[in-house]
Amino acid sequence: MLLMRDAFYFSFSALSANKLRTFLMLLAMSIGVGSVVILTALGEGARNYVTAEFSALGTNLVIVIPGRSETSGGNPSTMIGVTERDLTINDALAIARHPKVKRIAPLNIGAAEVAWQGRKREVSIWGSSHNLSKIRQWKVAQGKFLPKADLNRANSICVIGKNIRKEIFGAHSALGQWVRIGDRRYRVIGILGSEGHSLGLDVSDTVIIPVSSAQALFNVPSLFRIFVEVTNRESIPAVMDFIRDTIKRRHQGVEDVTVITQDAVLATFDKILSALTYSVGGIAAISLAVAGILIMNVMLVTVSQRTSEIGLLKSLGASSKTILSLILLEAIILSALGALIGYAIGMLGSGLIRYAFPTLPAFAPAWAIIASLFVALITGIIFSLLPARKASKLDPVDALMR
Amino acid sequence: MIKLENIQRNFQVGEQVVHALDNISLSIQDGEYVSIMGPSGSGKSTLLNLLGLLDQPSSGTYYLNNINVTNLTENQQAITRNKSIGFVFQTFHLVPRLTAAENIELPLVLAGIAESDRKKRVHQSLQEMNLLDRSDHKPQQLSGGQRQRVAIARATITKPSILLADEPTGNLDQKSGLNVVHILEQLNEQGITLIVVTHDEKLGARSKRSIRMLDGGIEYDKMEDPHAVDA
Chain A
1 MLLMRDAFYF
11 SFSALSANKL
21 RTFLMLLAMS
31 IGVGSVVILT
41 ALGEGARNYV
51 TAEFSALGTN
61 LVIVIPGRSE
71 TSGGNPSTMI
81 GVTERDLTIN
91 DALAIARHPK
101 VKRIAPLNIG
111 AAEVAWQGRK
121 REVSIWGSSH
131 NLSKIRQWKV
141 AQGKFLPKAD
151 LNRANSICVI
161 GKNIRKEIFG
171 AHSALGQWVR
181 IGDRRYRVIG
191 ILGSEGHSLG
201 LDVSDTVIIP
211 VSSAQALFNV
221 PSLFRIFVEV
231 TNRESIPAVM
241 DFIRDTIKRR
251 HQGVEDVTVI
261 TQDAVLATFD
271 KILSALTYSV
281 GGIAAISLAV
291 AGILIMNVML
301 VTVSQRTSEI
311 GLLKSLGASS
321 KTILSLILLE
331 AIILSALGAL
341 IGYAIGMLGS
351 GLIRYAFPTL
361 PAFAPAWAII
371 ASLFVALITG
381 IIFSLLPARK
391 ASKLDPVDAL
401 MR
Chain B
1 MIKLENIQRN
11 FQVGEQVVHA
21 LDNISLSIQD
31 GEYVSIMGPS
41 GSGKSTLLNL
51 LGLLDQPSSG
61 TYYLNNINVT
71 NLTENQQAIT
81 RNKSIGFVFQ
91 TFHLVPRLTA
101 AENIELPLVL
111 AGIAESDRKK
121 RVHQSLQEMN
131 LLDRSDHKPQ
141 QLSGGQRQRV
151 AIARATITKP
161 SILLADEPTG
171 NLDQKSGLNV
181 VHILEQLNEQ
191 GITLIVVTHD
201 EKLGARSKRS
211 IRMLDGGIEY
221 DKMEDPHAVD
231 A
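So the sequences go chain by chain: A and B.
Each residue of the first sequence is one higher than the one before, starting from 1 at the first, in the working numbering.
Each residue of the second sequence is one higher than the one before, starting from 1 at the first, in the working numbering.
Chain B extracted, bound-state conformation (with noise of 0.2 Å):
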């Protein structure tokens, strides 16, 4: 579950202060299925980041599974996004000189796993990705669909139970766009927390709910369904 509190994320630009994320309050239940919209600026990576403990609000608290992961060290949110996060890139960010079962077993290798139980579970998730025949292969022999789809192995190898893309689909065509988008919705089927950021309005529809950023606030906060929530 994800919770924030009056999150007030300011940049120093010159002598301008830009606000960023203007007191957000927010939370989402674990399990759904949540796009972040909006345009360019609006806050939404700003957003994203902050959700992905990879940026600090400036004031505010994000409470993840009911703790204040706010105060943690850099050392435990480094571990917390290990175990908890997983993320997507819209330009996938694979290591160019490792293999894709290589690239997948990051995390794995990051949280000190050993070596039997780190290949038992690459060869499974190469299997769910229907990549079994390319795991040896470096990311300039995959497409850009198959690199994604490594990128979501990776992403997930840790079980986590957030999946954080940005602009997952970006610089795929619509074929395996389709394809990786598919994907991430079974994932979440089997009850990981999808949230996409994304300026594609048909990506963005296919989520239960929508929230629309604008100028650094929560435009609209908008439930398809309101019985698939009940907060």
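If we strip away everything but chain A, and leave its shape as in the complex, we get (with noise of 0.2 Å):
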């Protein structure tokens, strides 16, 4: 029987003969596991980039947003989805009395102009308190957050993220100094060390001013959300049936808020790019399959074109077994090579992607690496199977008469 060695070298001699054709098996074969890991990648990173959006957040949030998305009762205000009452601070407040509520943080958003010694920039502003760094697990590079304080007073105060520093500032000391805002001037009291993007804005980019502040420089009477962090994970039913009935308390009897848990939103986002994942996963893997029959159809014009060499291999001594065994083996070195190509394809793309788009990690999850590469292997040699068993069947006489 053939020894493995001379098998492979046997093999080898076949494909390099033939390199355009051999070239365009391995190109359709890269392209196949390429795409899988590439698309999968992009997938995953997906879905990695929103847990991550949402684990920045802090854990065992409660988020409280005006209006509600549903439509109950009678009320004409919420037939046309206005919400007649506002979200004020004092409903905030009236939340934080609830025992297992460990702290409470306003959120007001809007964008302004950001001026300081003819220096100007549009950013986005953010209205809180003191609080949202512990919830958002914020650092502060210099200087200090927002102050503990009445969250009806409107300080001039702001907080700058980073980019604005340098930006803004360049080589200039920024604290201490007073800043355009808008129509208002704020004094910067702490520059944020953190970096990293939240609720889609690049906190560097960011400028956090009181929660009356923005109120005031906004002129909404209305906050954004609330952001509730309740002391464990088994309060959170409590705490949120607490907030619904001490809004709709505080509302005249009307429900006007929706209240969402941070976990049931990043469950329903991670299910969703999750079958994204999978379904462009699925779709790549088609082109694996068409990566496979055009390798059968090549082997099969092989065997044809070599017939005489089967024949002659027969009458030299080689058994049905071997033949079938050799353009199997052809096969298999075939789209291994070619798989394993594809995978450095997918790798480089993937890396390409997180160069481009830094915030997105997109690394290939480790079942579809495994899953292409044996999907791969395993459509070369099924789709080669024909091919090597027509090989192996041919008559010797009529191979060697040709």
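None of these hints come from the bench; they were simulated from the model.
Quick reminder that beta carbons are idealized off the backbone N, C-alpha and C, glycines included.
Hints may contain errors.
[Said to hold, decoys possible] Restraint ranges, calculated between C-beta atoms of paired labels, are given here:
#1 B:Val17 <-> A:Ile332: 40 to 46 Å
#2 A:Leu20 <-> B:Gly170: 30 to 36 Å
#3 A:Tyr355 <-> B:Asp117: 51 to 57 Å
#4 B:Glu128 <-> A:Ala366: 56 to 62 Å
#5 B:Gln124 <-> A:Ile332: 32 to 38 Å
#6 A:Ile283 <-> B:Ser40: 57 to 63 Å
#7 A:Asp398 <-> B:Glu219: 24 to 30 Å
#8 B:Gln124 <-> A:Phe8: 23 to 29 Å
Join these two chains into a complex; the hints should help.
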């Protein structure tokens, strides 16, 4: 029986004898594997991005959003989708009274121009309170965060993101300086050290001012969100009920807020994005099957082109089994090599994506890599069985007559 | 030793059954030099394929070295071809991407013989065929005569007892054809059973024993020198 090493040598010589054919088959296989790796890396990257985004909001978090997404009862205001009653700072303070609520942070968001000594920049402004830095686990690089204070007091102070400091102040010291935000002036008391994204906004490109100041600046009476941190996970349902009851009582019996937990949102996104990853992976896997069919076609052509060689090998003492294994080996080498090249392409591709979009952690999941390599090998073998069997069944007499 | 008993080989062509070999009985002793001649379609190639275990008889028995090879499995027949039978073809049938040495090595590779042993035997064979300076050349870099010498080296590398040659000089000019015939006859003198199928009357006349085929049967089987063989 043929030695393994010699079989490999023979198959390699057959593959290198027809470089174009070999190249095209490798190309097809590597595109298949590469696209599975890249597409699942994208899907997984999106999932991880969203997960990280929500984790940045802190744990045991309940979020209160003004307005209700569903229509309930015959109240005309809910019918037209407008909230009559604002979600106010006092609502937030009422929620904070529950013993299981560790801390709350109201939030208002807007955009305004920040200016200092002629330098101007349009940035997003967060109106919040001292607790925001604790809930979002932000660090302060210089100075301090918003101090503990009455939420209803509109102090003229602000905390600025790293990037703002660099762009507006350059080499100057920012702390203690007065900047103009919109039509008001605020004193810089702190510079954020944290980087990354929150709610889709770049933290280093953000300015934080007290919530009341923001309400005055943007002239909006209602809050955008209330973050409620609960002492422990078990108390979350009770706190959620308390919030609904409290708001309903304060809003003349109308429950006009939506209370969600971060976990629920996270789980939903996780589910959606996992499904996305699976489906793009599945679509990419079709290209693997196409590559398999291509390999079958080319191997069939190979077998008919090499009929006389196969007949010769039989006359020299190769059994049908030897012929079968030689042709299969060729296909296995092709698909394994193609799969490895595809893996390299996929890794390079997802690396490029990470380079182009640093916030997107585009790493292909292990299951996708293993599955694509495995599927490539299996399709290569399965689709070569037919041509290999055809070759082994060749009548040596007919084959040598050509 | 080759012994055929009542060999029948039928082909189905459409509705008709063609008797390519019709009840052939034949025995060839070790070391004989036999030529098989006859017009196209007389069955001489079918007989050669059958002797080379490339084809199966429809009925009858084939004994090779006292073993009934018609009953062997496909795998056993492959091993027998490898060890006991060498083929030389009109069109050489060299693998174009392999060098002369690698082509000669093929039967040993298929037999799973270790590389160091193979190299030694190939080297010796190249020397005997006067091909040492051509060992790394691909078939298309060789002349017709050289190609056929590579093919003969390949056919004899496993030291088979039988050498089957199908029109071995058919694609060669006269000079290299003669050279090839001399090599084959030299091998026969060293003890190999040489069976040559040919159209060429001159080539056929060189052998001590001539078998002429006609319509699937043996028209005549004559010995030039009756003392050469005593069966």
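Take a look at whether the Cβ-Cβ distance between Gln124 of chain B and Phe8 of chain A falls inside 23 to 29 Å. 26 Å, holds
Between Gln124 of chain B and Ile332 of chain A, does the C-beta distance stay in 32 to 38 Å? 35 Å, holds
Lying within 51 to 57 Å: is that true of the beta-carbon distance Tyr355 of chain A to Asp117 of chain B? 55 Å, holds
With 40 to 46 Å as the target window, see if Val17 of chain B and Ile332 of chain A comply at their CB atoms. 43 Å, holds
Just tell me: holds or violated, for the beta carbon distance of Ile283 of chain A and Ser40 of chain B against 57 to 63 Å? Taking Cβ atoms as reference, Ile283 of chain A and Ser40 of chain B lie about 59 Å apart, which means the hint holds.
Range first: 24 to 30 Å. Now tell me if the beta carbons of Asp398 of chain A and Glu219 of chain B are that far apart. 27 Å Cβ-Cβ, so the 24 to 30 Å window holds.
Are Glu128 of chain B and Ala366 of chain A spaced within 56 to 62 Å by their CB atoms? 59 Å, holds
Is it true that the C-beta distance of Leu20 of chain A to Gly170 of chain B lies inside 30 to 36 Å, as the hint says? 34 Å, holds
Violated hints for the displayed structure: none, as all numbered hints are satisfied.
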